[in-house]
Amino acid sequence: MQKSDIQRIHKELTPAQKEELRFLRRDADRCQNERFKKDSHPNATQNYLAAAEELDRFVRELRRLGYHI
Numbered sequence: 001m002q003k004s005d006i007q008r009i010h011k012e013l014t015p016a017q018k019e020e021l022r023f024l025r026r027d028a029d030r031c032q033n034e035r036f037k038k039d040s041h042p043n044a045t046q047n048y049l050a051a052a053e054e055l056d057r058f059v060r061e062l063r064r065l066g067y068h069i
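FYI, the working numbering numbers position 34 of the sequence shown as 34, with every residue one higher than the one before it.
Treat the hints as calculated values from the structure; they're not laboratory data. One thing to keep in mind: the hints can contain errors.
[To be verified] Now the in silico label distances, taken between C-beta atoms and shown as ranges:
1. T14 - Q46: 25 to 33 Å
2. E53 - Q17: 12 to 20 Å
3. K11 - P42: 35 to 43 Å
All C-beta atoms, glycine included, are put in the ideal place defined by N, C-alpha and C.
Build the full structure now, drawing on both the sequences and the hints.
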């Protein structure tokens, strides 16, 4: 294991990053549940796709910066 790999494993998220990640995960989950309801909003699928993309983008950027999520 290289030194950069070890540093990546031990890099902690800041409290703000943890909260944003938590919010984005909950939002994606909420939107996913909403789109399968019988009386869901007409834009429920688009809302879910946008929330999932935003979560994915945030996680990819953190991983690029060396965070292990």
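Outcome of the hint check:
no.: 1; hint: T14 - Q46: 25 to 33 Å; in the structure: holds (31 Å)
no.: 2; hint: E53 - Q17: 12 to 20 Å; in the structure: holds (18 Å)
no.: 3; hint: K11 - P42: 35 to 43 Å; in the structure: holds (42 Å)
The earlier numbered hints are all upheld by this structure, with none contradicted.
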